[in-house]
Amino acid sequence: MGESHAPSKPKLDGELCLRPSSSVFLGDQQLYFTQEYLRTNSLNLKYVVYFTACQFSGPIAVAYSPRPASWYIWIRTISGRILKRDMAFNEPVFMEWTRAHCLLVLNKAGRAHIFSSLGEKISEVIFDSQMSDVHECRTFATSRGDSGIAVMDVDGQVSVVNSVSEPVIWSMKPPYSEMPTAWTAFQPHSQLTHILLIFEAVFLMGCQGESLREQSHAASWVDSNTKYVKCVVDDARSRIAMMTESGKIQIVSIDLSTCFCTVEITDHDIAKCINFGWVGNSAVFVQMSPSLIVFVNVSARRKPGDEVQIYEKMTANAKISIEPDGIRLFESTQVEFVEAASREKIAVLNRNPNEDGAHLYKAAQEMSQGTGHNSFAASTVIQDLYKAIDDCISTACDTWQPEEQKLLLKAARFGMAYTNTTPDTTKLMRAIKEIRVLNELRMVRTGIPLTHRQFRAIGETCVINRLIDMGSYSVAIKVAQWLGGETSENVDRVLLEWVRRSISKVSKSNMKMDQPALEALDEKISAKLLQFPHVSIADAARRAIEAKLPELARLFIRRETDDANHVAVLLQLNDVSAALQKASASQRPQLIHQVVRHLMNSESRSSYELAISRIPLAQCLYQDLVRQEGETRGASSRQMLALLEQASDFERQTLFHFDVAETERNPDERLNALRRAKDAAKSMGDKAIEEILNDVSAFAPLQIQRGQADMSVRDTVIEMAHDTAKVAQLKQQARLTDKQVLLWTIEGLAKKGKMEQLFDLAQKRSPIGYAPFVKACVRYKRLDEIKKYFAKVNGYPDLVAAHLAMKNYVEAAKLAYDRRDRDVLHAVHMKSHEDPTQCPRVGQFLRSLDQN
Amino acid sequence: MAANEDRDDAAAILNWEGTSEIKSANEYSRNLLFSVLDSLDGNKTIVWDRDRSVMHRVNLFAGASVLAAHGVVANHSIETKKSASTPHVVFFLAPTMVSLDLLCDYIDNVRNDSKILYQVFFIPEAWFVVRESLKTRAEGKYWERLESVKEIPLCWLPRDGECLSLSSPQIAARLLINGDWTHLHKCAVALNQLIDMCRGRSSSSNQRPMSIYAKGKWASDVAKMMGKIRNSAEADSMTKNLDPIEGLLKINRIVLIDRWMDPLTPMLSQLTFYGLLDEIYGIGMVNSVKVPEMEFKNEKDGDPFQEKEVYLIDEVYHRLKHSHINAVSIEASKVLAEIRDDEQFDRDKMSVAEYSVLVKKMPKIINRKKMIEVHMRLAEMIQSHVYCKQSDSIKLERDLLEYSDSDKAIPLIEDLIFDASPLNAVLRLISVHSLTCGGLKPSVLQHYRRIVNQSYGSSALNKVLKMQKMGLIREKGGGGKMQCEYAQMMFQQMKKNHDMLPEEFSEAKLDDMAYAYSGFSPLLCKMLEEGDRVKWVGWPKTVIGDKSDLIAERDGRGTCVFVIGGLTRSELAIIRENLPNVALITTSALITGDKLLNNITNI
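Those protein sequence lines, which keep their order, are chains G and D.
Residues 1 to 852, numbered by the UniProt record's numbering, are exactly what the first sequence covers, in order.
Residues 1 to 603, numbered by the UniProt record's numbering, are exactly what the second sequence covers, in order.
Think of the hints as simulated: they come from the structure by calculation, not from any bench.
Virtual Cβ for every residue (Gly too), placed ideally from N, Cα, C.
Wrong hints could be hidden among the right ones.
Which stretches of chain G does chain D cover? Using the computed rule of at least three CB atoms under 8 Å from a CB of chain D, they are [what the hints assert, rightly or not]:
no.: 1; segment: 580-588
no.: 2; segment: 648-660
no.: 3; segment: 738-744
no.: 4; segment: 826-836
Start from the sequences and build out the full structure, keeping to the hints where you can.
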């Protein structure tokens, strides 16, 4: 780092450190010390009474007591950025972060409060109704990824909740009156919560629903001559590190059946340490004092009689947080991370001649230093190039310094150039993305110094969730885009959380919610969302509804371009008329139906039908709905009629009644329907239709009396043709013309075989000629009678018609030909096709006429 | 079985599969269907709706044997309630409440293993009311039993290899009588699917644009809806699940036009072989026609109700179908001449190679002879029907086109009514009278209504009133209130402006726009022809997509026409024969005058 000689204002927050990591060997382990942040004076840890750091490089919380009975809690990122300051709390006795990124604070009376990383109170767990004053407290990881709490009171009773989000308290009481010399709570994988109590050298263990029982099978490794004073479960929840008063450290299995390693420390009185825990999974630390930490190798590969491997590190007022893959030291002016190196890291960075990764890395270094000829020499000794490439990629991910990361990635790419097959770049691409994200998170302005292993453990979704919890929305969006692409769902989620936070912040403040303020907020949020077209404005509107700001939701929804979302939000706001108008304007039946359904579910029929009737597009859709449901339900048509009446649609009312008449089987009901059609026609103002229906209404009752309700007027006249008086009556009732009466009488008489009456009728002068007589006789096959009436036919048109009726096409053609009537002759020729023998002869007449 | 084998054999040899555009569209629909079936692992039982149109619609793209290749091992009817043993039970249902009742009944009564997965597919698209009702019935019991509820948008049905139809003949009545605009929305959805066939499915910012030209009120509405649907998230989510072949269709623009710009033409008698088959016997959904077998065989004795089904999918039919009924024999003689040429061979002089070629050609020759016999017989039957029964009506139509008087009732129409001739024939003539004279005088209209009511009853009067509401029968002036909301056609003016009744025409020339109606050029076809000539300048234009595609814009070919409200087969023939730039013809339904009247809906 170049130092600036110009005088500058002292920085309040920390500074990212890019110094190379240092390392020490600890037997078969290699500890790496990486300084993450410098100049962290703002953390002000000197006067802190309680300190806790969130696992996976989360924020830290500290508690101060500037005056008796006066406590304040601050929340900061590891880099020193303040998330919450001077949060008042009464007599805290325990502070711890849960795995769900929440801060747990327990007071002396046994009341636990859960806060968000911004200091917002989330929930509360009350232990005090079942216990005495708090003595000690433990948190433990659960299989669901959350944290549980175990509280021991001064009487030795342990009260437990298995999850801070489900505060169901259960308790366990030891059989002895003394306090245990050591205890812990843990939840093995897929098992219930276990409580381990150690009374000097007696081990009691129990789980939820069971009583504490002595663990006799532990006798094989227990040192009964001393007292056990510390026990810590590892992050994998498979082993427990035990410490005895005599300075012995034992690593045992979670069920206390097997001891993997025993180490005896003689140089320090470790029983008096102030902190004890795991460093990764093969080493432990013992913090003797704020200025001295002893690291101990507890690898299972250690054999009895081997030399004890320890490393002593001097620190300046250090506070320690425990991570799954190491520990983090918070000192007066810096933050340092201690981890046990991975196999890949050891292979690449230790320049071991037997490791291919080291050779590849060396080759890259030579290339970057300008001595390229040496790089080829280094690469030729590599045995397994693929493994070397993978090792370099893994080491790059595990490296803190960006320049070192780049060099390692170059080594991997250098190696890919020498592979015989097309290299699979998936790992490399993923590594690049993740390194980019980690480097961004490590910036002082964000302050989350995640390691790659921690990142993989919690996943990208959890990382984004944490950023959201901290209010770092811009970083969250950037990270989501890098990991998932521009259209990642996580981007949408971050934006919507930002919208929700923005809205709830305003709604909870004392600011007056007047129109200009709402418009300003709408403008702010909408402008942001417009940069991300795939995020719906409607979702922001829904957030406003949830925050009980309907006016703001209305402002949002005006900007929504998707009609379906627009209508849905309007329905949520209960702006039904606006929703109906919007749906109608969109001309999409589904949307209109959606609104109609909403109306039908929430309002009375008369109310919603009135609303629907105001919009014609919705009205016809609703009518269709009524019609279709009526058809299958067998319901009457009254509902449809009511709709038409409400709309004063007399045209369709008239037609509606006609339709009812068509389907009605009962003659009386049919007549009633026709009468109603007449009334509707009258209301419509069409006198002509009304007049016809008047005639129908007058005629129908007599039909019903005669049992001829299904017959038309014509059919009735034909049926009654023999009764002269009835025919006269029908003529009057139905207002028939003379021509109609005569034609139908002729047909009726011929049909019924009343030939004498027909002959009598023919004696009078027929105003329609005598061709109808001939036609009727032909139709009803009265062959012997045809001649009588044919003799009476006169006049050219009638003669032609009579001949055609008798199928005398040639005779008809002759008549037409004689008169040179081409039209009639052509018509005769057309009809003569029915008779193959006559057709050619008629054709001859036509051709002769054409020739002339 | 033997007849079936013959038919399959003929189909294998002589089928005409349609234009390349129709084949692309069919491929798209087929892949929609197969992607649905293939997404369900294991064997499947299909439960078919009682509504047979669903099965017909599916079978247009895949028959039972093809479905079997995609894991369908059983086919059940939903009413038989037969148990299934396959991992999946696939319901193909029409989107109606009746079908929903049948589905619930099946779930209640059929004892299938609870591990069997029920997959419901509405064909062609789900009516949202049905879906919502399914969710709420019995407090969600049925919804929970179903593994999935989706739709298979088999919207476009191929018609004779030349046209895609939505098979919605009731759309005009729905729009005009019920005011149900949702049918326009269905058209817009289907047309967007058509665009997907052309452009592929991708985000709108990357999509090539499609120009939409619209003439008429309905067409304008559909064009607007297409744009809105294209931008909606719903469409995106719906189409995500389907992965058919994309971009098969080569269409450069879509032209939308309302049937009601020209409501007259469907009321007239069609005169092409094709059109008359549809008019007289009715061409069904599976491109077949059923005729009385006694008439077909020209026998005096036999069962008068026995029907013979003739499939209209062969090459010979394709060559004959557009011909005017009076000119079918000309085209048929050409086919016969070709057959005779193929049959000409001298056995003694033939070489072995020539002999083997002849052996390969022989099945085709035999089947062509069979097909030409069938179609010639059909043509004879149609000619007889037209000459003997329809000649008076056809002449009257012609006379009315030339001159129409709004002040007097037509005696022939009166006589037909007095004689209780078939109702649709009478109503069509009244409609022609009304439309050609620009609206009937109130007294004339009243006279027609009265005598129709007296001869046919109140149901016929109901139909007349609905035709008034639809604008097929109009009143000149007067105080009548049963008015149509759609603008009037103004036939007399259009007749002059568009030269719809040319002095010279030929029934034998297919490139004469007046041939199909014997001297009358349909206004719809004239409008399209004029639009195509000027490259649709002056037609309101909407562009779907972001930027202009100059190449597609300048290329006059590749036009898709969509007629909202129906198209007659004779009009289809005119467009096919006279507008080469129209690559694809689509419509809401292929109709005849009778179909239009029979699909008038209730309130």
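Per-stretch coverage check for the segment 648-660 of chain G, three Cβ contacts closer than 8 Å to chain D
holds (count 8)
Count residues of the segment 826-836 of chain G with a Cβ under 8 Å from any Cβ of chain D, then say if the count reaches three.
holds (count 5)
Quick check: do three or more residues in the segment 738-744 of chain G have a beta carbon closer than 8 Å to a beta carbon of chain D?
holds (count 4)
Quick check: the segment 580-588 of chain G, covered by chain D? Criterion 3+ residues, Cβ under 8 Å.
Since three or more residues must qualify, the claim that chain D covers the segment 580-588 of chain G holds, with 3 doing so at under 8 Å.
Going through the hint list in order, the structure satisfies each hint without exception.
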